[in-house]
Amino acid sequence: MNKIIDKQQFSEKVVRLTLEAPMISRSRKPGHFVIVIPDEKGERIPLTIADADPVKGTIDIVVQAVGDSTRDICAKEPGDYLADVVGPLGRATHIERFGTVVCAGGGVGVAPLLPIIKALKAAGNRVISVLAARTRDLIILEPQVREYSDEVIIMTDDGSYGQKGLVTEGVEQVINREKVDFAVTIGPAIMMKFVAKLTERYGVPTICSLNTIMVDGTGMCGACRVTVGGKTRFVCVDGPEFDAHQVDFDEMMLRLRAYN
Amino acid sequence: MNNDNQQSNTISPRDAKWREELRNSMSAKQRTAIPRAKMPELDPAFRVTCSAEVNQGLSQGQAMLEASRCMDCPDPQCVTGCPVGINIPGFIKNIERGHFHEAAVVLKETSALPAVCGRVCPQERQCESRCIYHKMKKQPVAIGYLERFAADTERLSGTGELPARLAPNGKKVAVVGSGPASLSFAGDMIRRGYEVTVYEALHEIGGVLKYGIPEFRLPNAVVDVEIDALAAQGVKFVKDCVIGKTLNYDDLLNLGFDGIFVASGAGLPRFMGIPGENFIGVLSSNEYLTRINLMGAGRPGWATPAPAGKRVAVIGGGNTAMDSVRTARRMGAEEAFIVYRRSEAEMPARVEEVKHAKEEGVKFLTLHNPVEYLADENGHVRAMRVQRMELGDPDESGRRSPVPVEGAIDEIPVDLVIVSVGVSPNPLIPDSIEGLEVTRRGTIAVNDLTLQSSLPLIFAGGDIVRGGATVILAMGDGRRAAQSMHETLSAR
Chain P
1 MNKIIDKQQF SEKVVRLTLE APMISRSRKP GHFVIVIPDE KGERIPLTIA DADPVKGTID
61 IVVQAVGDST RDICAKEPGD YLADVVGPLG RATHIERFGT VVCAGGGVGV APLLPIIKAL
121 KAAGNRVISV LAARTRDLII LEPQVREYSD EVIIMTDDGS YGQKGLVTEG VEQVINREKV
181 DFAVTIGPAI MMKFVAKLTE RYGVPTICSL NTIMVDGTGM CGACRVTVGG KTRFVCVDGP
241 EFDAHQVDFD EMMLRLRAYN
Chain H
1 MNNDNQQSNT ISPRDAKWRE ELRNSMSAKQ RTAIPRAKMP ELDPAFRVTC SAEVNQGLSQ
61 GQAMLEASRC MDCPDPQCVT GCPVGINIPG FIKNIERGHF HEAAVVLKET SALPAVCGRV
121 CPQERQCESR CIYHKMKKQP VAIGYLERFA ADTERLSGTG ELPARLAPNG KKVAVVGSGP
181 ASLSFAGDMI RRGYEVTVYE ALHEIGGVLK YGIPEFRLPN AVVDVEIDAL AAQGVKFVKD
241 CVIGKTLNYD DLLNLGFDGI FVASGAGLPR FMGIPGENFI GVLSSNEYLT RINLMGAGRP
301 GWATPAPAGK RVAVIGGGNT AMDSVRTARR MGAEEAFIVY RRSEAEMPAR VEEVKHAKEE
361 GVKFLTLHNP VEYLADENGH VRAMRVQRME LGDPDESGRR SPVPVEGAID EIPVDLVIVS
421 VGVSPNPLIP DSIEGLEVTR RGTIAVNDLT LQSSLPLIFA GGDIVRGGAT VILAMGDGRR
481 AAQSMHETLS AR
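Read top to bottom, the protein sequences are chains P and H. Under our numbering, the first sequence has 101 at position 101, and the numbering climbs by one with no breaks. Under our numbering, the second sequence has 63 at position 63, and the numbering climbs by one with no breaks.
Take these hints with a grain of salt, some might be off.
Okay, the calculated bits of chain P under chain H, using three or more residues with CB under 8 angstroms as the criterion [unchecked claim]: (1) 14 to 20; (2) 212 to 225; (3) 231 to 245; (4) 253 to 259.
Not everything, but these chain H residues come out facing chain P in the computed CB check (under 8 angstroms) [claimed, not checked]: (5) L202; (6) H203; (7) L247; (8) P269; (9) F271; (10) I274; (11) L283; (12) W302; (13) N369; (14) P427; (15) T439.
These are computed hints drawn from the structure, not numbers from a lab. Every residue gets a Cβ at the ideal spot worked out from N, C-alpha and C, and that includes glycine.
Here chain H stands alone, though its shape is the one from the complex (with noise of 0.2 angstroms):
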């Protein structure tokens, strides 16, 4: 991605009259003395009573205010902070002057899923880390707020206006899956006039947007109103169709597709391996977000069981864990709460899910590892062994290893495990299709650049080839595979 190129290209140059009258409207000391916007949140007390959404989106009056905190620096740092370079001070300056509808063209110059990565990003790692406000100590400019709000406000206003779509070119290609790296390329490449089909194995569209990320924290209907707009535009999907089972390779050949796009996602949990951990009660992130989230596991009239505990441990310190945690407070846990072995500082979790598990009752014990999990005589677990565990010297992630303390292991009583360490390539497509090189990891082997495979015909971008990475990324994948595909296609 070229974010020189994206800034020239933008329709809101920093250039342009507007923003050069925007900058001189106010000065640089009284920008800097606006406080940071504080977000709206439903209170912790009942919002644990409900998956209804935390954050509740700024208001008008506080959006403009803040937009108008953003100094639209003459080089702006925060562009370069977000992985697929959006033209963050375009869009900025277009909420700070009103005109919202720019704004959200702006946005959706460079993100398909403005309203998501508003939500989800974590914007204190990205765009929000390089903000000039901190070389003066000052909080960031709320950047991710802002994208929500012109993404929100958009949504709401319903114009419903699609996005200009070149005449059909004769062309197809299906998508694998149909998450956000699967809804960012099947948008690009159905605007460039390709016919496009994204097949889904669930029953639902959306892959972790739907069954991985909690409503609290992204409420379906943000992610449907994306899926309406590209079957609006003319995507085929087909759910319940398993690429490598129902269709192989050889079908897809078959049916016409001059172009495969692989983001079939992260797939397989990861467990630790340790004694116990087959027992009763005893079960992935994955399992326990996809049975409530995508199974209404829990909800008067869905027929799928929910795991049901009073004293719910929680294992890792990533989102999913913490999403995972949050919904065990949510499904009627007494106590939940976190095992992580490094300390809070290490943990990879967004500060703002950290703040707000915190908020709604969920403890942390840091600096602690599971080594065994005892059952009753049922076979389900009842307690957990923990292995305290000290700060060592880093690692290859940079982050302080921990290392057991020696005979510290307490344990714990607890009537359900979540457990949250990560996940495994899923091996099903890489199977089913001769010729496809893998990574050692298992993770589809691709061009850096291009995110082409070793097939020509197949591309391959998101959690698929990354191992486990965020919604932005595997976005920004699915845009440069559809270049890169659209390129090849083009050339042929």
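Extracted from the complex, chain P is given alone in its bound form (with noise of 0.2 angstroms):
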């Protein structure tokens, strides 16, 4: 059981949790994520890790109600319990001085774009964030962003705030101005494919993490599988991070499906 603390409401259908979680908050490392069962007998949902308080022992998870599960998620408030929650799974996201780093983040894959964001600042990295969505409301963390980042491009795709346009055309106005080394992309599956696309082009190497199903989410159950580089691959153990340019987005788009 774990107690959630604060709550705050981003949008109609995105919040941000803060859990009692100490042994998590003390392990996990940028790109790690958690599993979380609402109840009793709820299901096993894999959800990103966007900030931790090794101190307090709280753990911030940033949900967005897409089905039952995730809505009653949304629906707790401080002072109510999960029944369960399980991590840091997956591996933590290589962190290095690569030099100019751009980090695209859409939607929600905000969340956990931003411990990454945040390491790779530590790390002597110039980073520049662009973040996508479909209007004003949606755009999430952008001053805890701003606060890590040397840029940010703000992009909607109805113009209701910064540019209006599409996450990659953010990232090619930097790629077109300036030599950029390496390049991080989360958010939704269709988002990660095209910036592949764009990056692959100019030769960016680019990692992306995926959010795909998972039961056990230790390896066990296979549901996670996604082919890349022509191998199948479990996201859970062998991820959640993996170099775009060799994910099979629809394929993975396709499994995403399955229980729809």
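Mind assembling these two chains? They're in different frames, but the hints should get you there.
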């Protein structure tokens, strides 16, 4: 049982929850995720970690209500409990001094991107973050991203905030004006697919972080399998980050609909 | 494990006066004339509608009669067929004389989980395969049924008596995983006076006994009794804790553990690497069974979705394949069939499981191997292409190896495929502990006798060492590791 300490409603369907999870708060690194079971008869949902406070023993998760279980999680209030939270799972992000790094985040993908942005900045990189969403209200964690980025570009589909256009257009602007050494993209599969296509064209090494269907999250079930470079890999133990140029996004998007 | 030792140390030695009298109370002719007990089973038509346990257990009368079939051999070969060397005649003769509690005590001397092993052990390949009755061309004594009877009677009579525990010795041990190896290790160590903490990655204690083996073969209640008894003795269980992730090796050392037993299980499901294997509706038996057994998929009120199929193919011939195909029948499959590349004779599954599956309407497509899956426009599997096989020369496992019949490929409509072709060791623990040696197969390398790893504080057993074995072998490893870790820690 993990108690919810704080809640922030980012938009109608997106919330940030601060949870008591002392062991996870100490062991998690950028790139890790957790599995949450909302209630006793609930399902196991993989969710990303947006932040952690090892002193208070808390972690922050950002959840978008897309199905019954995520709706249940989003409906919880401070003082309520989640039945189970396990983690940190997956492999941590490989951080080094690449030079100039573009971090492209879409929707709630900005949440797992934030710890990576922080770590890249701390490693001495020039970090340019491109945040994208359908509309202004869906841009999340902008102040936190700004704090650790050398520059932030905002893209909205409807032009209600920042520039009107897709995330790829923001990334391409940067690539066209200066040398980019590395890119990280996290967001909806379709977005990562197009960011990967773009950076591949320009020869910029790129990693993406995948959020697939999982059951156990420790390698046991294989529900999360994806094809990377022609080989089947498990997102939970081999990932969640992979070389974005090698991921078969079409297959991944298909598999995300397995239980729809 | 030294069987002679266990025999002489048992509370029911063969030379006890009561056993001598019992032996002489009936002639060999009388004993061998009794037919082997038939396990009462639920009707197949009923049992495919629910998850109730198929085997109902012998009645007291049946059990005592079956026990009287045992000849109480001077050199009992059944014991040599048991991976942990249970004093089999010792417990059986106690059943014959109606001392069921003593029978259970004899079992508990050697087996931490007799109610489990009595249900899931492949007795036909172990103890029962060595029974003297085979020499008389008769069916062996039903040792498995009797083991279950003794363990269940003890559990249901509910004296709740806990094993004696030595005074705390001030030493702490950690156990990684909570399956059969871990539970038996934990039981042995708590009784020796250690402080024992079991770390489980999932949200339920029991490992494969909970997520893997279905309710109709091993009810969770049977497992929970064992877990509750350990908890009552003082074993601490920590769920939702992944060693190597939530806590790493150094964290465990900092927490003051003097020894660590790693029994984290079999791990990653294997796939065949054939085209279409990642289509929707093709999944591992681990995923299928975990969803249904652990996550309650398909039960009202439980959130996890169940993979639905009317025509379900299960690939493989092991117990997990049988568990999956029989589960599919219970989940509403109109047609559920096994696809296996060898013939039925080579199937590794227990004879009883194959029999039960057939009674439940499961079809067997043997000597066939899938080569490709085909999908509909939504990416959902709709058919499989299978290669017909024939048996060639024996391979390294001693089984005749299947060889493709050239050009003989059939297409079979299916809407759910469950791949049950084995598992690879989970790299999670080995990857997270520097200096822990692994074998070429990725299992943890240990000393065969002591189960000690390349790191002196770490012992390992069960499937993370064996790759994929049985509950009884895992349980035996737990006991052996407890013994050798105790010796190591006592010597320090």
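Do the hints match the structure? See the list:
1. For a cut-off of 8 angstroms, the count of residues in the segment 14 to 20 of chain P with a CB near a CB of chain H stands at 0, and the three-residue condition is violated.
2. By the rule of at least three residues with a Cβ nearer than 8 angstroms to a Cβ of chain H, the coverage given for the segment 212 to 225 of chain P holds, with 9 such residues.
3. Residues of the segment 231 to 245 of chain P lying with their CB closer than 8 angstroms to a CB of chain H number 3, which satisfies the three-residue condition for coverage.
4. Only when three residues or more bring their CB closer than 8 angstroms to a CB of chain H does the claim for the segment 253 to 259 of chain P stand; here the count is 5, and the claim holds.
5. Against a cut-off of 8 angstroms between C-beta atoms, the interface hint on L202(H) holds, since the closest Cβ of chain P lies about 6 angstroms away.
6. Interface hint at H203(H): satisfied, since its Cβ lies 4 angstroms from the closest Cβ of chain P, which is below the 8 angstroms cut-off.
7. Of the supplied interface hints, the one on L247(H) holds, with its beta-carbon coming within about 6 angstroms of a beta-carbon of chain P, less than 8 angstroms.
8. Taking 8 angstroms as the C-beta cut-off, the interface hint given for P269(H) holds, the closest approach to chain P being about 5 angstroms.
9. Look at F271(H): its Cβ gets to within about 6 angstroms of chain P, closer than 8 angstroms, so that hint holds up.
10. About 11 angstroms separates the beta-carbon of I274(H) from the nearest beta-carbon of chain P, more than 8 angstroms, and the hint is not met.
11. Annotation: interface hint on L283(H) holds; nearest CB of chain P at approximately 7 angstroms, less than 8 angstroms.
12. The restraint placing W302(H) at the interface with chain P holds, with a minimum CB-CB distance near 5 angstroms, inside the 8 angstroms limit.
13. Among the interface hints, the one on N369(H) is violated; its C-beta lies about 19 angstroms from the nearest C-beta in chain P, farther than the 8 angstroms criterion.
14. Taking 8 angstroms as the C-beta cut-off, the interface hint given for P427(H) holds, the closest approach to chain P being about 7 angstroms.
15. Look at T439(H): its Cβ only gets to about 18 angstroms from chain P, farther than 8 angstroms, so that hint breaks.
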